[in-house]
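Protein chains: 2
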Amino acid sequence: MFRSHNCGALRISDVGNEVTLSGWVQISRDLGGLTFVDLRDRYGITQLVFNMDENEDLCSRARKLGREFVIQATGIVRERSNKNPNRATGEIEIEVKSLNVLNVSKTPPFTIEEESDGGDELRMQYRYLDLRRSPLQNNILFRSKLAIETRKYLDGQNFVEVETPVLIKTTPEGARDFVVPSRMNPGQFYALPQSPQTFKQILMVAGFDRYFQIVKCFRDEDLRADRQPEFTQIDCEMAFVTRDEILDTFEGLTKYLFKTIKGIELQDFPKMSYDEAMRRYGSDKPDVRFDMEFIDFASDMKGKGFGVFDNAEAIIGICAEGIAEKYSNKDLKNLTEWMQRPQIGAKGLVYIKYNEDGSIKSTIGKFYDDAFLKALGEKFGAKTGDIIFMLSGEEEKTRKQLNELRLEMGQRMGLIKEGDFKPLWVVDFPLLEWDEESERFHAMHHPFTSPKQEEIGRMLNGDHETMKSLKADAYDLVINGVEIGGGSIRIHDRDLQSKNFDLLGFSKEEAEKQFGFLLGAFEYGAPPHGGIAFGFDRLCAVLNGKNSIRDFIAFPKNNQGRDMMIDAPSDIHQEQLDELYLDTTYSKEEN
Amino acid sequence: MFRSHNCGALRISDVGNEVTLSGWVQISRDLGGLTFVDLRDRYGITQLVFNMDENEDLCSRARKLGREFVIQATGIVRERSNKNPNRATGEIEIEVKSLNVLNVSKTPPFTIEEESDGGDELRMQYRYLDLRRSPLQNNILFRSKLAIETRKYLDGQNFVEVETPVLIKTTPEGARDFVVPSRMNPGQFYALPQSPQTFKQILMVAGFDRYFQIVKCFRDEDLRADRQPEFTQIDCEMAFVTRDEILDTFEGLTKYLFKTIKGIELQDFPKMSYDEAMRRYGSDKPDVRFDMEFIDFASDMKGKGFGVFDNAEAIIGICAEGIAEKYSNKDLKNLTEWMQRPQIGAKGLVYIKYNEDGSIKSTIGKFYDDAFLKALGEKFGAKTGDIIFMLSGEEEKTRKQLNELRLEMGQRMGLIKEGDFKPLWVVDFPLLEWDEESERFHAMHHPFTSPKQEEIGRMLNGDHETMKSLKADAYDLVINGVEIGGGSIRIHDRDLQSKNFDLLGFSKEEAEKQFGFLLGAFEYGAPPHGGIAFGFDRLCAVLNGKNSIRDFIAFPKNNQGRDMMIDAPSDIHQEQLDELYLDTTYSKEEN
Chain A
0 MFRSHNCGAL RISDVGNEVT LSGWVQISRD LGGLTFVDLR DRYGITQLVF
50 NMDENEDLCS RARKLGREFV IQATGIVRER SNKNPNRATG EIEIEVKSLN
100 VLNVSKTPPF TIEEESDGGD ELRMQYRYLD LRRSPLQNNI LFRSKLAIET
150 RKYLDGQNFV EVETPVLIKT TPEGARDFVV PSRMNPGQFY ALPQSPQTFK
200 QILMVAGFDR YFQIVKCFRD EDLRADRQPE FTQIDCEMAF VTRDEILDTF
250 EGLTKYLFKT IKGIELQDFP KMSYDEAMRR YGSDKPDVRF DMEFIDFASD
300 MKGKGFGVFD NAEAIIGICA EGIAEKYSNK DLKNLTEWMQ RPQIGAKGLV
350 YIKYNEDGSI KSTIGKFYDD AFLKALGEKF GAKTGDIIFM LSGEEEKTRK
400 QLNELRLEMG QRMGLIKEGD FKPLWVVDFP LLEWDEESER FHAMHHPFTS
450 PKQEEIGRML NGDHETMKSL KADAYDLVIN GVEIGGGSIR IHDRDLQSKN
500 FDLLGFSKEE AEKQFGFLLG AFEYGAPPHG GIAFGFDRLC AVLNGKNSIR
550 DFIAFPKNNQ GRDMMIDAPS DIHQEQLDEL YLDTTYSKEE N
Chain B
0 MFRSHNCGAL RISDVGNEVT LSGWVQISRD LGGLTFVDLR DRYGITQLVF
50 NMDENEDLCS RARKLGREFV IQATGIVRER SNKNPNRATG EIEIEVKSLN
100 VLNVSKTPPF TIEEESDGGD ELRMQYRYLD LRRSPLQNNI LFRSKLAIET
150 RKYLDGQNFV EVETPVLIKT TPEGARDFVV PSRMNPGQFY ALPQSPQTFK
200 QILMVAGFDR YFQIVKCFRD EDLRADRQPE FTQIDCEMAF VTRDEILDTF
250 EGLTKYLFKT IKGIELQDFP KMSYDEAMRR YGSDKPDVRF DMEFIDFASD
300 MKGKGFGVFD NAEAIIGICA EGIAEKYSNK DLKNLTEWMQ RPQIGAKGLV
350 YIKYNEDGSI KSTIGKFYDD AFLKALGEKF GAKTGDIIFM LSGEEEKTRK
400 QLNELRLEMG QRMGLIKEGD FKPLWVVDFP LLEWDEESER FHAMHHPFTS
450 PKQEEIGRML NGDHETMKSL KADAYDLVIN GVEIGGGSIR IHDRDLQSKN
500 FDLLGFSKEE AEKQFGFLLG AFEYGAPPHG GIAFGFDRLC AVLNGKNSIR
550 DFIAFPKNNQ GRDMMIDAPS DIHQEQLDEL YLDTTYSKEE N
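If you read the sequences in order, they're chains A and B. Going letter by letter, the first sequence gives residues 0 to 590 in numbering that gives the first Met the number 0. Going letter by letter, the second sequence gives residues 0 to 590 in numbering that gives the first Met the number 0.
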């Protein structure tokens, strides 16, 4: 037996008992006659005491314990004289009678404390040490709890967890697949699933009615800070349901998770159409924790002799309240430059500053006199002390740029309260996006998304322009401006699915080759169905008010898709390639 | 709203209520004035009634419903005149007022009933229809429940579920890896995990203390009926525990699952050493539901002038009770031929038949007289009516052959009671196996398994012969002769791990390249740890008294590793290969 208790278990009521603990040496302090060792495990920290007067040999050994040594100590629980109220075990300590070093440790390359002094790369290489730090350890424990509560809720709602295969078929649509060469089927490849989409639809056809799975998905994309080549989804599908029944179910899940895990009671989630979200916030995932909604200035500003505005498709802006005094000319110049960076790409930034002294300062003062600007402010509710920012140009681009400005100003102005969660359903997305470059439609959600019921006739019979305006029965769950999940009612009719493949530029043969099994399944009594998938990594991060998903993944990869700890990917033996009937062309080309 | 109730919900207490159901047409019976439709979903079957007299149009439409049509019906719950006691909804039926065909169905290629008339290949191709059959649907629901209960138990024991990566590093040791070419790291490959072994050990080093995961694993092996290229494990690891604490924990899990899911209370699991299992049953996974243990005849049979026996390393047998009369000479000849098939490869089968009339018939009567054989029978408890079977030859081979005979006779003699579950821990496996052909040791369990504590000195200092006799602290859970799980105490000391790699034929460089991260982790305070993994697919099958795991996997692959439904693996586009810096050599060679 290595321990009678863990390092977080002992309390004042245990005083006098003999106990055995095992764990890691967090810190050792030599105070002359006494040596104190903080012993750490997943459950907490307990203070060990060694007394030089009582047992010189033992105390001397204790003094030699280094950081992160693994030890086992047996002793008597004592009440502490100087209690530590910040620690659950802070009222007691262990007067150690025997000590056993289970393993030694070299000095760690960085400090294993709340805040570490190690750089990112180093900490990824020594992930096993970084994971000992309580913030990371808590994240992983949090993730485990979130998964358990998710399963508890969905199980309670009659959802069945079904494992779908990992070795599936490559589909050149959408993001890039990871592929896996098949040895038994030479020259052929499996693909790793980007999502279990078609399988969960097949499960609906098979009658499973309510499916879910917490499942790994894979995308071979160039990586950003918040993307990983493998990520986890809460993947769900339901049959015989309307859109609102799906939204209610997963609003229920979200509320349950917030309540159970964070103790937060969320209000009912508002629904907003995609069109409205774009109009009011210039984003399909608006952060509605603060207002600062878009104002359409076009009809007011045009025809006044300012050519830039007169020729602009859109003139939109926001009103930033009470910042006039804080923002000097230099600040505004900096903000303008920030908007002009390539990441945002604004040509400039128009502002109208309503100074506290009643004066007005504006970049467009040459074209619009003070009286006009004053009236404009009054019309749109800009008060003394506010600044109106305006952007103009091509509609879609300008909305995106103004969205960035709005989010930035929301941050700078402290409009976002910590611990505030504002969920929102964004609904009625466009079904298809026209891509000018490739001259074809792309599915906004995915090729299996149904148009809204009332659009089916238009979709089957409409012309090219009609297709651009079709609305999908698709929806996203957005929390605090982050897309947590998305889904749709699916097509369950073979003809409609074929029509959709056709619009998306699939030939009959391609559609049959890639999705013949699904089209076939639709001929044998496919029920109406729909579903949703939540990004599990992101949900973990958002629930903790964090941006990066990496800290919620035990063994993440870096931006080059490398696991720094195990050093993968790596070379493989030529025999392995030979067995797979493969040759790498890389070394031939580069060396 | 598609339904107010599911097809398994309505009872006599609902009579008089208006309800709406949706589901599949199981069968439609036209009885002249009345038409009955059995409507099916995952939850059950409800009978719908259409009355020609009351609504001719509706009834006519009902008559046209084909098998597996998807319909929605609204009507009034009525008490049935002829109740069906075998069905939960058997006391009621729905008098239908309106009918809505949600989707049509072609005639399925096989019957969707308890027993189907479809062949294996056809049913795999139309898996979505096969999964509608209640035996398969129940298997998948069972699997979901088993996973939920497993998680509930382990969560209750403070285990944390941690997701380990799927894209890892190839290790040429053990079974063959599936590999995944990396586009971002040209010429390099990920591998899919054969198990999360090193990651779960790393989690112990990271302080997670109790880890589990229900996780997909991958092996690119030639497939048998009960093997799949992707399979699921309940994977677990614990730190600061002795072997018996691990066994107790997972004996607890197993008992919990049997109790909760099957209502069966299992007795405490006996432990048997590998050596004893081999001696008594010739197998490291003995089926102990019946006795018929091995008898060592060597000292009795040798030196009596029968050359075959005199020169044999081993002479062992079993006593099959009470079958003398049932087994004619022809039956025994057939049994001998069965033993001589290449799958078993016995040279022959010696028997001594103690006939009911007191006479003895034996294949070795020429060498041993009746008096000897009678005394032999008495010594080993063979009674009138029994048959002793004997095999001789090389020790290991002979034990394996006799194990096959024992299992076969157990089956034939009806010694295995349905619903009988006999779990057994097999412990103290050999650490290393000497392979004559490659002239090197192989790890019997895996390279991370610790020798038993008392063997460590011998391992570090012993000679070549010593290594052959080392015992590992490894264990298997066997139920009814099927290996359900296996595990071991792991090495947590860098030097011992290096020594093991050395014995297994790794050069220092190879060990460092492949497992440097683990060796490194052992230098920073690795705690003592050990673990176990259960085969989840197999556990599902065994709990249901079934042999094949395929029926417990929603979308299994066939023996060529193909998914017959989606038709994977498949060709990929040359552009995909180009992006990965790969060329296939297959078509060049074969075409």
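Derived from the structure by calculation, the hints contain no laboratory data. Be a bit skeptical, because a hint or two may be false.
Heads up, the list lumps identical chains together, so a pair's fine if it works in one copy or across two of them.
Claimed, not checked - Listed below are the simulated DSS-like cross-link pairs for lysine-lysine, each with C-alpha atoms no more than 27 angstroms apart in a straight line:
id	residue 1	residue 2
1	K261	K151
2	K105	K360
3	K332	K365
4	K467	K416
5	K254	K346
Going down the list of hints, with the structure as the test:
Taking CA atoms no more than 27 angstroms apart as the test, K261 paired with K151 passes in both settings, with 16 angstroms inside one copy and 21 angstroms between copies. For a Cα distance limit of 27 angstroms, the shortest separation of K105 from K360 qualifies neither inside one copy, at 64 angstroms, nor across copies, at 73 angstroms. Taking CA atoms no more than 27 angstroms apart as the test, K332 paired with K365 passes inside one copy only; the shortest distance there is 18 angstroms, against 112 angstroms between copies. Taking the shortest Cα distances, K467 and K416 never come within 27 angstroms of each other, neither inside one copy (39 angstroms) nor across copies (67 angstroms).
Taking identical chains as interchangeable, the C-alpha atoms of K254 and K346 are never at most 27 angstroms apart, the minima being 42 angstroms within one chain and 70 angstroms between chains.
Going down the numbered hints, you'll see the structure goes against 2, 4 and 5, while the others check out.
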